[in-house]
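Since chain A is already given, all that's left is putting chains B, C and D on it; use the hints.
4 protein chains.
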Amino acid sequence: MISVGVVGGSGYTGGELIRLLLAHPMVELTAVTSRTLAGSPVCETFQNLRGATDLVFAPVDVESLRRCDLVFFATPNGVAMELVPELLAAGIKVVDLAADFRLKDPAVWQQWYGMPHACPELLDEAIYGLPEVNRAAIPSARLVAAPGCYPTAVTLGLLPVIEAGLAVHGPLIADSKSGVSGAGRNASVDLLFGEVTESFHAYKVFAHRHHPEILQTLATISGRTHELVFVPHLVPMLRGIHATLYLQIDETEQAIRQLYEQRYRDESFVDFLPAGAHPRTRNVRGSNLNQIAVHQQGNQLIVLSVIDNLVKGAAGQAVQCMNLMSGFDESAGLAAVAQLP
Amino acid sequence: MISVGVVGGSGYTGGELIRLLLAHPMVELTAVTSRTLAGSPVCETFQNLRGATDLVFAPVDVESLRRCDLVFFATPNGVAMELVPELLAAGIKVVDLAADFRLKDPAVWQQWYGMPHACPELLDEAIYGLPEVNRAAIPSARLVAAPGCYPTAVTLGLLPVIEAGLAVHGPLIADSKSGVSGAGRNASVDLLFGEVTESFHAYKVFAHRHHPEILQTLATISGRTHELVFVPHLVPMLRGIHATLYLQIDETEQAIRQLYEQRYRDESFVDFLPAGAHPRTRNVRGSNLNQIAVHQQGNQLIVLSVIDNLVKGAAGQAVQCMNLMSGFDESAGLAAVAQLP
Amino acid sequence: MISVGVVGGSGYTGGELIRLLLAHPMVELTAVTSRTLAGSPVCETFQNLRGATDLVFAPVDVESLRRCDLVFFATPNGVAMELVPELLAAGIKVVDLAADFRLKDPAVWQQWYGMPHACPELLDEAIYGLPEVNRAAIPSARLVAAPGCYPTAVTLGLLPVIEAGLAVHGPLIADSKSGVSGAGRNASVDLLFGEVTESFHAYKVFAHRHHPEILQTLATISGRTHELVFVPHLVPMLRGIHATLYLQIDETEQAIRQLYEQRYRDESFVDFLPAGAHPRTRNVRGSNLNQIAVHQQGNQLIVLSVIDNLVKGAAGQAVQCMNLMSGFDESAGLAAVAQLP
Amino acid sequence: MISVGVVGGSGYTGGELIRLLLAHPMVELTAVTSRTLAGSPVCETFQNLRGATDLVFAPVDVESLRRCDLVFFATPNGVAMELVPELLAAGIKVVDLAADFRLKDPAVWQQWYGMPHACPELLDEAIYGLPEVNRAAIPSARLVAAPGCYPTAVTLGLLPVIEAGLAVHGPLIADSKSGVSGAGRNASVDLLFGEVTESFHAYKVFAHRHHPEILQTLATISGRTHELVFVPHLVPMLRGIHATLYLQIDETEQAIRQLYEQRYRDESFVDFLPAGAHPRTRNVRGSNLNQIAVHQQGNQLIVLSVIDNLVKGAAGQAVQCMNLMSGFDESAGLAAVAQLP
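Chains as they are written, first to last, in our numbering: chain A, 5 to 345; chain B, 5 to 345; chain C, 5 to 345; chain D, 5 to 345.
Just chain A, with the same shape it has in the complex (with noise of 0.2 Å):
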């Protein structure tokens, strides 16, 4: 049994991350953290924990989070790298699921976050959460930096192949979708229901922070550099991701599908499909799966991955994070499945 906090409760992955953990048989949340909401009950802000707690949104100083053992930022970029280092001064472990310590270049950070990095002697530390590649180096870790959303679609529908160091003929393509919580919750217009609802457009084309974080972590995998085109799209649905990746490859589709099976076999949390299969996001909402097909002709190979964005992409892999750091089963409380419809 752990005593957990979380600094910036009141967003999307914040609440995600209080209802996972408010389930989990090892943990005790003791603190959620707001800005803007310190001193309201969480249960006001999330009126589907009516019952499930009584905590109130403390203000965000270090002093709310003494008590933890670990502390999960769910807080905008550029406010983890503020108070990481004071944590992790006092003994308390930290998983940011903000993109403050993804990229190990702080160079690279500043020209794709627009300001300093304030703890660049972190970022070598930091490790990249996602445990189907690092699985062996979580549990030792102090700050794990759990993956962006589209960057653990897109990187567990490559990785059979990119382990595999299989030649691909030009740049790999990952044509990307997903639903609006990703975005947050944040007044925008742009957010709105009516500019959402009944529409579809790409986004940031070449133009997205999630670009350099996908490279960087085929780089790391391949020991090579890669060529991606990455192209998000807006999706009118709350949650889920779509990952549709083109590859041009050499093996045969058997080899292919040997390939995944054999990599996902023991995963729990990577169900790769039947030959044929066209998953859906809503097979994985509110779940930490992801679902991936396969399908070739000739030499061109299609990847399909779903994930959902609040849970896999954000909130269930962090705990799932968590409990690698934590010497627990690394299912623990991550067991739902998706409620159909």
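To be clear, the hints were calculated from the coordinates, so they are not data collected in a lab. No false leads were mixed into what you were given.
Note that the list lumps identical chains together, so a pair holds whenever it fits in one copy or between two copies.
No farther apart than 25 Å at their CA atoms in a straight line, the calculated lysine to aspartate or glutamate pairs in the DMTMM-like style are these:
no. : residue 1 : residue 2
1   : Lys208    : Glu255
2   : Lys208    : Asp254
3   : Lys208    : Glu48
4   : Lys108    : Glu136
5   : Lys208    : Glu265
6   : Lys108    : Glu167
7   : Lys108    : Glu231
8   : Lys208    : Glu257
9   : Lys108    : Asp128
10  : Lys208    : Asp109
From a predicted model like this one, the values you see are computed outputs, not experimental measurements.
Showing chains B, C and D alone in chain A's frame:
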């Protein structure tokens, strides 16, 4: 052909008004103003209008509107009353789509809208722009107050009964449901896709500003005071109002059906449906039509009344008033039917 | 630990029941039957259940259910009554989620469901499975008729007033709104995305089968006949019922609030909200909770009551009944809160 | 003024065609047929058309269409080819919105549509009704095959590059997303609101019938064979197609922008957007417009192309062809812009 301006053209009502006016055969739209968007092309905000207009948002001042014969206000409540006196003095007619000139009693206005009225001397002159009720008075009006969306659906649903002075036992109950566009295009967490979709709820029970407006209209029609229970609800859809009205009456269903049929036989924009019908909001989406059905059992009468909140509930009705004020055919520019699906 | 079967497991209610039972700590789900899908894996139809179950749909016959201690029917109306006598004779308990055993009078059943009842001799024995009303009778029942979704939301919203025998003037009005999953998973043009989304409408005014069910329950509670006006509406969302209830009463708001607070203080699955609250259906999506709020002005009482139609309105309530019938904690397997957003 | 008929008027494409034709200034819609609905008023099925037409569905036979100058087929694939020869023989022009006359090779047709072609002798004569490609040939055609919805969005997105014969390295990738109305108005579980909303998925990877159609058109334009990877996806919305096209080219972004600008400068229904734009499907909802944007980095070109699948992707384009075949202004009856929101 008249020259027309729109003040406050950056919201959903303003956008709908611009769309209707650009297609109107007797109108030249010469000015659209916006406090926040002055200087930017209208079609950057409303990308459906690319190619349809080269207008640029003008600043909100009388100068921008000097050339107009008639000006619409699609502004937040409290803005029109600051500018209208000057416009009227300049010989420019006004149709206000906000609430500034709907209530006759400035004290009631102040109570519900939280500010003193800037030109109470105009309240008597202002004509309530519900053509089915005030068709005689609108043509000669200088200043028309277009009704709210809920009041339009509720009032037209009740009109034949109220006009006929039928005894109604107990309160009139107006259980009303609106699509999200009725709340406008404001950056507000409550209107986010993530907050609104896949949910349904009542709001402002006993506290909605359309309550006194409906009561005033009913009293004007019948010459007596009515008791009304009005509960608005938010539906996860873009457009549409569905009012479900409950009345206890003494007449037979046959008598009621005849009453509605006769009352609405010559109305272009009210479609009284055959027995057994259940109108759907989509039937009138994008159109200026009001579909009404009645169901009766014993002395319980149920009226179902649907409109598009942005058209018959706002911009379309305002154009209908403009047509009357300008000597045009009342239906000019309002012939489009709903798109299905 | 008991062995449980589900008859008619291919619809939305069946799928939700399977999901809840697979996660239930005291249940082994040993049989799921389907007329049309016999022989195919359950997780092909419900792809959210991949990895969670290896069950294959069995044919619909008593043989498939012989091992079960308790069997749920999630079949169309009229199916359960053909099989239930044989199951009871074999010592197997039954919870029917269809309407077969809800109405006490076989003539009323035939009138509303269009067929003679196959085993009218069981109607008296069947217990109406609303634990908040029948908690004493359910534990010893062999046959439980789980309530309809609308009746659950309406009855629990009215219960304190009806039980207290408060004088209500005029009819009880239940303006009710349901998500689309309440209509089931049948290939019907009326339920297509293209017909349902972005629209709202009433249906079956004065003609819905839940009308006699609600009336019967209210009469059982109060010992007298009530007058009820019940209008169902379809909301373009997956799950959720919102009942808006209108009553004319003599008591003060304070008295009414105390009545509801006391009545529901010890109910695990009814959450009576603070003054001024407007419950949203999403607050209880996927959970077995019923949130209720009251608003009053003069003698006009408005009750807002929300449930998830597939959980508290169907599968969850059936599990709650099973818990009572099996001596389990009433909340076993029903602890999950709603996901937001 | 011409007399026009619609065969198969009960689906979404048929309904949209009826809506457009009723508002067309040069058309009298004299017959709408339906196998299943013969004898019932059109406005009972399409309740948006109440008051706009008194037409009654006629049986599907040549007799019903004898008076027409031109007949549209909005029927399932394989129906038009049975009736078209007789209509042409009677001097009636035909625009087929189904696939019967799109593919030139009857063997390819049989392979993809699973039945022998009934009148292969007409395949050569049939003109592919994409005015931006075939404007010269359409006016004199007796038989026009209106393109599929995906092929319209993809082909117009690629057209300038293909016409210019630019070298494209590697396959053309067309990641395509469609609203649900593209699948028609058929009673199918897969199209239920409960199955489609709040989810996103790819379907028919390597197996969609629009694949050979796009390939044929590209080959006709360039005179050579292209390699195309086409993946369709279903978006939980009513209308709209978004094609995201990936090409590897040698030209500069500036050259590509000029190419698109020149090619589409005089096209009424193609709107080439300024640099940096991300078109939204809602911009063209209900309109006949195709909005296209290009983004380039190095030699990676990304084209974003959006249409309304029921208008420019079906009924609107068919009317555009009719206009050309009848000597009308090409834009007649097609001026409406999209409604926002």
